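For reference, the chains in residue letters:
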Amino acid sequence: MKLSTWCLRWCVAADDRDAIDGDLRHEYAAMRDRGASRWRANVWLAREVAVACAYGLASRIRESVPSRSGLRVEIREAIRVLRRRPASTLAMIVTLALGIGANTGMFTVLNAALWRPLPFPSPDQLVVIREYQRNKSDSSRGVSYLNFADWRAESRAFESMALATLDTGSLKLAESVVKAEGAIVSPGFFHTLGVSAAMGTTFDAIGDDGLSRFGLPAIMLSDAGWRRYFHADPGIVGREVELDGRRSEIVGVTPAGILPLATEPIDFWSTARTLGNPTDPSSANGSRNFRQYAGVLARLRPGVSRDEAQRELDAIGAGLLARYPRAMANRGVSIEPLRDVFVGDSAKTLWLLFGMVSVVLLIACVNVANVCLARASTRQREVAIRGALGARRIDIVRQFVTESVLVSLTGGACGLWLSVWLVSVLSALLPAEVPKVAGLTPDWRVFAFALAAALVTGLICGVVPAWSATRARASASSSLSDGRRSASGPVPRRLRDALIAMEVAAALALLVAAGLMTNSLVRLGRVAPGFDGKQLLTTRLSLDGDRYEGGSVHAPRINRVLDDLDARLRQLPGVNDVAFAQSVPLTGVENSTEFSIPGRPAPVGKGPTAGLRFVSASYFHTMRIPFVDGRAFSAQDRDGAPPVVAVNEAFVREFLPGEVALGRMLSLGWGGETPKQIVAIVGDVRHKSLGDRPRPEMYVPQAQFGNTSVTVVMRSAATTDAIGPAMLAAIHDVDPLLALSGVKTLDDYRADTLAVPRFGAWLLGGFGVLALLLTTVGLYGVTSYTTAQRTQEIGVRMALGAQVSDVLRLVIRQGAQPVLVGLAIGVLGALAASRALGAWLYEVAPTDPWTLISVASLLAVVALLACYIPARRASRVDPLLALRGN
Amino acid sequence: MADYLGEFEQLLLLAVLRLGTDANGVTIRDTLHDRAGRVVSFGAIYSTVRRLEEKGLLRSSLGDPTPVRGGRAKKQLELTPRGRAALGNEQRALHRMAEGLKLP
Chain G
3 MKLSTWCLRW
13 CVAADDRDAI
23 DGDLRHEYAA
33 MRDRGASRWR
43 ANVWLAREVA
53 VACAYGLASR
63 IRESVPSRSG
73 LRVEIREAIR
83 VLRRRPASTL
93 AMIVTLALGI
103 GANTGMFTVL
113 NAALWRPLPF
123 PSPDQLVVIR
133 EYQRNKSDSS
143 RGVSYLNFAD
153 WRAESRAFES
163 MALATLDTGS
173 LKLAESVVKA
183 EGAIVSPGFF
193 HTLGVSAAMG
203 TTFDAIGDDG
213 LSRFGLPAIM
223 LSDAGWRRYF
233 HADPGIVGRE
243 VELDGRRSEI
253 VGVTPAGILP
263 LATEPIDFWS
273 TARTLGNPTD
283 PSSANGSRNF
293 RQYAGVLARL
303 RPGVSRDEAQ
313 RELDAIGAGL
323 LARYPRAMAN
333 RGVSIEPLRD
343 VFVGDSAKTL
353 WLLFGMVSVV
363 LLIACVNVAN
373 VCLARASTRQ
383 REVAIRGALG
393 ARRIDIVRQF
403 VTESVLVSLT
413 GGACGLWLSV
423 WLVSVLSALL
433 PAEVPKVAGL
443 TPDWRVFAFA
453 LAAALVTGLI
463 CGVVPAWSAT
473 RARASASSSL
483 SDGRRSASGP
493 VPRRLRDALI
503 AMEVAAALAL
513 LVAAGLMTNS
523 LVRLGRVAPG
533 FDGKQLLTTR
543 LSLDGDRYEG
553 GSVHAPRINR
563 VLDDLDARLR
573 QLPGVNDVAF
583 AQSVPLTGVE
593 NSTEFSIPGR
603 PAPVGKGPTA
613 GLRFVSASYF
623 HTMRIPFVDG
633 RAFSAQDRDG
643 APPVVAVNEA
653 FVREFLPGEV
663 ALGRMLSLGW
673 GGETPKQIVA
683 IVGDVRHKSL
693 GDRPRPEMYV
703 PQAQFGNTSV
713 TVVMRSAATT
723 DAIGPAMLAA
733 IHDVDPLLAL
743 SGVKTLDDYR
753 ADTLAVPRFG
763 AWLLGGFGVL
773 ALLLTTVGLY
783 GVTSYTTAQR
793 TQEIGVRMAL
803 GAQVSDVLRL
813 VIRQGAQPVL
823 VGLAIGVLGA
833 LAASRALGAW
843 LYEVAPTDPW
853 TLISVASLLA
863 VVALLACYIP
873 ARRASRVDPL
883 LALRGN
Chain Z
282 MADYLGEFEQ
292 LLLLAVLRLG
302 TDANGVTIRD
312 TLHDRAGRVV
322 SFGAIYSTVR
332 RLEEKGLLRS
342 SLGDPTPVRG
352 GRAKKQLELT
362 PRGRAALGNE
372 QRALHRMAEG
382 LKLP
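Chain order of the listed sequences is G and Z. Position 749 of the first sequence, counting from 1, maps to 751 under the working numbering, and the rest follow consecutively. Position 35 of the second sequence, counting from 1, maps to 316 under the working numbering, and the rest follow consecutively.
Bear in mind the hints are in silico, worked out from the structure with no lab data behind them. On a predicted model such as this, the values are computed, not experimentally measured, just so you know. Hints may be right or wrong, so weigh each one.
Unchecked claim - According to the in silico footprint, chain G covers these stretches of chain Z (three or more CB under 8 angstroms from chain G):
no.: 1; region: 301-307
no.: 2; region: 316-326
no.: 3; region: 353-359
Glycine residues also receive a C-beta, built at the ideal position from the N, C-alpha and C atoms.
If we strip away everything but chain Z, and leave its shape as in the complex, we get (with noise of 0.2 angstroms):
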């Protein structure tokens, strides 16, 4: 069964593939913000990380704890080859759908 992505769910997948070993919560933050304009808060970036990696779309491990960050250590964020297929599939359907449509 292929796996639908809802709209921020892809751009959550986008900017951990684009961030690639560096993507933590914080970079992944300030990537929506910088490419897509979006200011959103952490509760709910782990909140969809957290239904990413129950679908088996995403993985992650622990990094290590820097202090600035109070001791507290990071969440290292990495696409699995499932999370990757779900995410081409998305986007080459987006493309299919736009293709030959003058959007303004």
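If we strip away everything but chain G, and leave its shape as in the complex, we get (with noise of 0.2 angstroms):
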């Protein structure tokens, strides 16, 4: 009952509530007598209150909203009271703008990884199929096709499921022979997508041997691929091409933007069907051991969760390993969304800077709110006459408000702009990792995000500084009279120094970041990665096709080839190695497969899985890796020869720890059956980016493998601008039709592989350098307004015989009270917040200290800095003058 008085008296106009309360006690005692339980009775008056509370609470904010007119008076008022003091009006629409831009910019990058809608229909259905490897350090995903089609036969959770993955291949065009980037699709991929042709058909319409009506394998070329190799032809449909040596026919092209679906961007499409046979099990196609492609893409029907997706192919995968235990052995299915695949690790990354940056926005934020605080107090008078006249307390927040908000939206639309121009910026920033669907452009999510932010910062700035002044309304008579302030100001001094502290410990919290990130990048540049990336130049050449191949790997051709190449090309001026690998270290290329150590004998499917390089002769040499033990690789290691490999230390720690390697036996997986023995033992690399510790790795001669995808090394002292293009033009000395990629050094990748890392250090440096701004200016501002609302009381000081230095210390003592609070809670959030940081720093730990105590003192310093000027210029004060009254 009481209860029910107390809300009745929070929500209910006065004149009502009495009688209600009255109404409702009468009732209450009428239900209990008529027999009604306790329970029963509270239950009715509960529901009673309620809705008199909500009724009440309607008709109040009905009436505490100003009619239209009254709106416009109310904004004219707040324009002519912010045009009085142009130059804080000014300052607090930049700081807005700076932070609201800043986060409005970074919201538009996560905005196009994150939400915007992937441009096919129905997007949230598309899913992405792949296989892994249970209990295996290995992560790689993939699927292999004769898994993919029994999944195809038996399941009933998808509309269509179609095979994909990239891969590039060497397109004959007129005058010269591209390698193109390209990808496999199974035919019905289309379709799940949802994208038809521009022009012709799409492979949909072709069966699943992916033969064109001609009897020829069907290709496709993506716009830009039209427009890149075939200036836009627009006969191009029924064109045959040669693709892979292969003759193909060109059945259609695929509409513009239906990328992202890969970083790299596509230039044609093929079928499945070109990487063999599915009935020949030593194709391709035929084995399930081999993921062969990166993964399925599938339409989900409608209404199927993906829970009950995965139950599904749980199921049939239990069937398959009844089935097939050995290949299927400790093999796992994971579905994911579309986007999530898209997006990946750089979701998280894009996260933690819109945290950051959200700091910048928080520090704006605090900045105005003094300033509006420090108004507020000069306005004591103008409130305090409000009061008197009638004004209720809604009505002078209202005011408060009003005018914050009309700073805050201008901030809000200066930031937008801002934004615009950070975006820009950024893009060339980006690592290429993220997606950016529909490409930087600001849609309706970023617009009503600029205009949230600017209305909830327009809302807090307003409603703190007012309820401070409201609060004062006690000694509105003594505000009266007095008119002038007093020397503690009105302002609550605790909330301007708790305002003070959350800065600093924002910016210091932000520096702290900053510091960190730029730290581990440039740890990172300093990695040595266990070879010399200086003058390598390199290129990617395809020697698949039936000139090389004839349908199996032929390694006798293979080998004949690159021993022309290899003499060719040291003949050219300043060329002093050249070697050929499968994958080059930090290229993103990486192989890895099962090996058994013959006598160890290893559980089916948990076996040790190491990486796995094909390398000619003289790569190691090339690269400077060097030899811990054994003999190079020779010319006398070819097919023929009895199969030799090469390990790295990391392997030897790993696997044959407190052994001799050399002369071990090993047998492969993958790159030829027979058991080979150790000849080498080779110094450990970085292959798969520079932060990440060497793994194991097995080194096979290409020789004797006749591995098809090679990639040329060689080191020369001319420039690439002048050794590159004579490098391609001696490759197609020996063979005009290969296909090659540009050369690019090993230091292009290695630049590659920091693009992240340096994408996040540049970010968070430059959020940190506002916020230190930020920050400074506030504390400045702060500052000197309070020190000229002491002039009087520091004159009297030094009429009293206070000397220069005694003001100097006075003022700065309660300056840096608030900063030292402020940087001590900043180093405790620091060392708290600063482990979510972890993952992105190499070999600097979240805590490091030497970061935390150098940007303490920068803050410190430049805190102090910035309490000192209005300081010096307190104390040279004519003592006079200030008593005379300001």
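Put the two chains together into one complex, using the hints given.
This is how it looks when you write it as structure tokens:
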């Protein structure tokens, strides 16, 4: 009963309050008299009170919202007030523009990566299915053709599904051969995606054999490939081209904008058939072991959840395991939304950066709140008069909020404009891994975000000072009579100090994060990757196609052309070393295989795996990878000679610790069936990325396996521009039909692997500088304001004999107190929060003391400076002038 | 300008008219329940009363506080002449609209 009275007092207007309360009491008593239980009566009462309160609140809100003309008057009044102090109004607008601009810019990036709908119909139904090996450090995912075929036949959860994987191919044009980026997809891919051809047909119109109506392998061009290699020829459909040495027919062109399906632009599409006949167990498509395809694109049936689909695929997988226990041992299946596969790990980085940039907005907010607070104190008289004339507290708060919202909306508009500029800078820095659906243009979400950010900041910046200003209503009469402010000021000092402490703490945390990231980037840049990447030029070529492969791997033919290439390239001026390798470190190309050490049986599917590289004999010397033990591969290690293998130190540490590795035999799952003898132990190389610890690796002579995808590595003193074209020309001298990618140095690749950390460090550094700037300006503003308020007091002190140093000490001590508190909180906060940074840091502890100390001292020095300037000004006050009154 | 009334407003004014000098929150609620079969919350009644007061169709005075009401005064309600006129107009309009029609 008391509770209900209390609720009503808060919510219902005074005139009805007593009547309703009385009625409720009356009715409550009547109900109890009629024999209703106490519980029922209370439930009834609670409902009645809730309804009454809702009606009461609604009518209150209706009354407090001014009519449209009232609002116009209020806005005009607010503009008048703001224009009276143009300098501080401008400062607030600029501060908010910076804060909102940085946030909106970051939001634009986040939006393009995470929220913009993918440009396909019902994109939420699109998922990617991939297989992985359980209980394995090997986290690579892929799909084998035969398993895909079984899923497609047995599952009911999907409307359709199709295989896809990225591949490069040599495309023969009129006068040259180009290495084009392509994707191998199975028929049904475009149907699953919901995309139809811009010209011609898609593969959907073609049978599973992937042959066009003339019996040729069908290929499609992407819009980009069509423009790049065929000059947007409108009569392209039906044209015959040679892809990887096979005559193929172009059956269609896909529309522009169906990317982002890959970070590299795709030039052409071919069908799954090209990887081999599924009924031939020796071909890639014929084996369940090889997860040859990157993944399966599938469309869930409407209403089917991912969990249901997962259960179904698990059940199918159990059936497959029963039938093929060897190949399917420990095989797991994952289903992920298409969007997640695109975004991958970059989502975490983006969220981290977004969290950091919101700290900048917080600091901007605190600054503006401080300015408003200072202004509110000078308007004490105005507030008192309004109060005396009958203005309610809510009216006065509304006036303040109208002003701050006007400021923040202006700041937000400027911020939106700033963000467009910021995004153009960001897009140059943005790593290719971050997907950009429909580009980085602002859409309605960005506008809504900027508007919401502006409104929320405006409300916060307005309500806090208004509340504190109107709280002083009790002393209204003294404000009216005095009109001058006392030394401590009507602005509650505690609130002001708390705001400063918060600002300093936030800036410190942000600067620590920026410092850690920069520190980590510097260390990454200094990492010795295990090879000497200077002056190493690379180009990739494919030796597949009928001329080299003839349907199956043919080592002698490949060896012959590589020998010719080697001889020809060494003739180039200034070239000392030439080598070939299937995958070169830091290029993102990775291969691994299961292996066994004879005499040490491992359970099927659970054997150890290690990286596998096919390299030419001169590779280690060319890369300057040191020999720890054993002998180099020689020209004699060719097809026909006893198979050999080299392993790195990490391999020995992990698999043969304390044993004599040289001379041991290894059986590899890939790279030739015969066991190979370990003839060399070589130094560790950081293959995947600079930040990754070296992993166990095995090197197999290229000449003993005949791998078809080859990277040429060449060391030359000349610049890329000078020697690059000569390198490509020399290769074409040997075989004019070889398709080549461009020339890229290993230093280029190395720079690419640093793209994400560099992006993070630059962005965080930028945010940190912005935060430092805003904090300094805010601190300076508050200190100068409070010092100016105390001019008279300082004059008295100096008249009574205080020295300049005394005044300096006084002002600085008061200014420094909240800064020190803020630094302390900030250090604690940074220690707690930087743990989240751990995953992004390389060899820097999130609690790195040096970063913490240097950032804290930087902030302390800047803060001292911000206090010192107003303090010195105050100490130069002429006591006489000050005493005479401002 | 004639005052138009909503359906609930009419029911409420009719209840006040019927109750005469004994019209207050509790009795109006009971009448609405007994005659119109409506279960209405006090919040709804008072919010409508307030609107009708603002339109000048109802006026109120404070009644005597009784112990059962926890010492809270009653709000006694009464129709203004304008309220009577408005109610009469609405009722006649309704009557004329329904004249000669067979309703289930």
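For each hint, the structure was consulted:
{"no.": "1", "hint": "301-307", "verdict": "holds (count 3)"}
{"no.": "2", "hint": "316-326", "verdict": "holds (count 4)"}
{"no.": "3", "hint": "353-359", "verdict": "holds (count 4)"}
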